[in-house]
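Asker: So the sequence lines, in the order shown, correspond to chains S and C. With the working numbering applied, the first sequence covers 1 to 404. With the working numbering applied, the second sequence covers 1 to 404.
Since the hints were made in silico from the structure, they are not lab data. Among the hints, erroneous ones may be present.
What the hints assert, rightly or not - If the Cβ cut is set under 10 Å, some of the chain C residues that face chain S in the computed set are:
hint, residue
1, S49
2, V88
3, G92
4, N289
5, T349
Idealized CB from N, CA, C, for every residue including glycine.
Protein chains: 2
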Amino acid sequence: MVHRNPHLAKLASGYLFPEINRRKREFLVHHPEAKIISLGIGNTTEPLSPHIAHALAYAAQHLATREGYSGYGDEQGLPALREKIAHVLYKGSINPDEVFISDGAKCDLGRLQLLFGCQATIAVQDPTYPVYVDGSVLIGATGHSTDHGFKGVVYMPCTPENNFFPNLTTLPRTDLIYFCSPNNPTGAVATKKQLEQLVAFAKQNKSIIIFDAAYSEYIEEPTLPKSIYEIDGAREVAIEVSSFSKLIGFTGVRLGWCVVPQTLCYDDGTPVAKDWNRIVTTIFNGASNIAQHGGLAALDHQGQEEMKATIAYTKKNARIIRSALLELGFDAYGGINSPYIWAKRLGKTEKSWDIFNELLETSHVVTTPGSGFGPSGEGFLRFSAFGHREDVEEAVQRLQQTLR
Amino acid sequence: MVHRNPHLAKLASGYLFPEINRRKREFLVHHPEAKIISLGIGNTTEPLSPHIAHALAYAAQHLATREGYSGYGDEQGLPALREKIAHVLYKGSINPDEVFISDGAKCDLGRLQLLFGCQATIAVQDPTYPVYVDGSVLIGATGHSTDHGFKGVVYMPCTPENNFFPNLTTLPRTDLIYFCSPNNPTGAVATKKQLEQLVAFAKQNKSIIIFDAAYSEYIEEPTLPKSIYEIDGAREVAIEVSSFSKLIGFTGVRLGWCVVPQTLCYDDGTPVAKDWNRIVTTIFNGASNIAQHGGLAALDHQGQEEMKATIAYTKKNARIIRSALLELGFDAYGGINSPYIWAKRLGKTEKSWDIFNELLETSHVVTTPGSGFGPSGEGFLRFSAFGHREDVEEAVQRLQQTLR
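Here chain S stands alone, though its shape is the one from the complex:
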């Protein structure tokens, strides 16, 4: 008989967001009348902008014509889109052939684990997006689960006490360092100086940084870096993962990219990009051609204007939530250069799932328990600013009524 892959058995049955949905459904069974508002999963809610939707529809219709039809494209993506990403979003700090188009950051993160295999040691921010660790567990790069996370993973606490940036001097060396800025879930954005320290640390340790920049366009302070490649020397130590999901509402359309610089090499001198290319040509067949035409439209002049408007809408939501939480006596972080607000009640020692349950039961508002993002997330909740304005306003009103 076929044995179960022992690495899969290590993963707890509940990935964070399915567990939230389970609790929400259970609550609705007992309170079918409740109108639940979700500030939980970071799922986009606003319609696509007309320009981008038109480009998608045009690309689809065009596939029904002989001159417009296309079958398999380059697994690495449409050359025009790779070029546009390099020029518009990276201002030429990377080359188009270093951009690999994908069906989203989560999928790329899964493939990146395959790139490094089960021998690679990893460090993650704590708290952070669960996929870095779960993906490493799947490939066998970690030990078993404990109360303090998975054995073999270096958790780098990022808390209010250290201003959400790890103390690098006390950290052991790892092969990979996952780093997400603006961070999901804390909303913290690393400064240029901090990222310089991180790049220097990676250089000194001969580590590779996997930099998740999925929320970079939410950064409005001009001194804060939007890409790791704004840091000198990053091209020798960093891969960057990003996505159109939270830029233009493509969570369902599926489009992202990954930057693997030609200058990033293994210890034997082999360029990492060579193996990455082998992986994307072997077990991936490119992002949907329709989605890629939407991405192209998002990067022209009109698309950029519309993208900014979509992001501004979400950021206004974030400020509404942040202000309300501060006023209600929460310690609240993020929500300025990020769509996420990271909050705990001042002067209380309580478990994340307990506050989650309380808000669900008293306000019918779904949040995300901070403990799901790592051991240092315990006691916090993540509030997502993705939602219709009136829902966000109503959620905030309910919280004001029940928590004041």
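We have chain S already, so just place chain C on it with the hints.
Answerer: Same frame as chain S, now just chain C:
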């Protein structure tokens, strides 16, 4: 410094199709005037049918409306599409919740390797689609490459001598058995009796069959099984992978599916579907919502008619190629219930790449060398029937002129 993943180093640099493109480009450098016709890679060329393209375009436009917008959907796919696949394509022999929608069979095959991990032993048809072996190499389930394939992989010769079905009585047990029918590249279709033997063999050995049915709709003989689930007992031993790519020309749109029956379990009793669900929710985020609406349209009455017409077009191409090759003194197989023709010259002992080069140089026709599909493919070429009719006719004319 980070070490290179040793499994990646095992893979030869050239995946078959990039190597073909390289030779084609090199030929064009020296013969810029040549009008090359490709019967090589199985890439679709005909425009999408209007009904399906309209559904795609409508879905895209609908995303620009508040009521039509959707963000993250279920990672497993749209419930309506899962249901329609179970009913229309499987006539109810599987349940909708056993269907997992994906961005294509190749991508699913990559994730399936992750499901079983590096401990799983594998068997493949020889010749066969290279991704089964390459994906296994990536995950570390094989040894090094040799002249006769990768160590640790059981190659099951499928040749004219055994009527393209392996002699199961001489085979060792493996955890996984990859089986593709209609086979890529040979075009051979396993009979019901043969698949009954295969299922019995898997049961006896407590193996899992990964059945690739990507070309099943090309089967026209009603006695030949289109799905492994037409065989009694297959629900306990088989996963089926399939795709819209060659059904409706979605090679660029990206849409496929995978069937994991609830009744398929590991030796500890854990349902395989539980782990598969964990994988698709952890490192995959669902197929593009636009593509899924195209898949839905393909499965309604009009879509089914159009799908049949598209397949009939390709199959007519296949018969043209097959007839010409037979007439030219080739041993030619497939091309009846399959878009591929598998051929070698009668009475000659020659290498696949040599015939490939000869046809490229004399006829400016690109084929696929059979040796790229496994050790038993040496000496053969695969001719793909995907192409515009006039190109296929011209390619055949050229072959008649140069080879006669």
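Asker: Go through the numbered hints given earlier and state which of them the structure violates, listing their numbers in rising order.
Answerer: 2, 3 and 5
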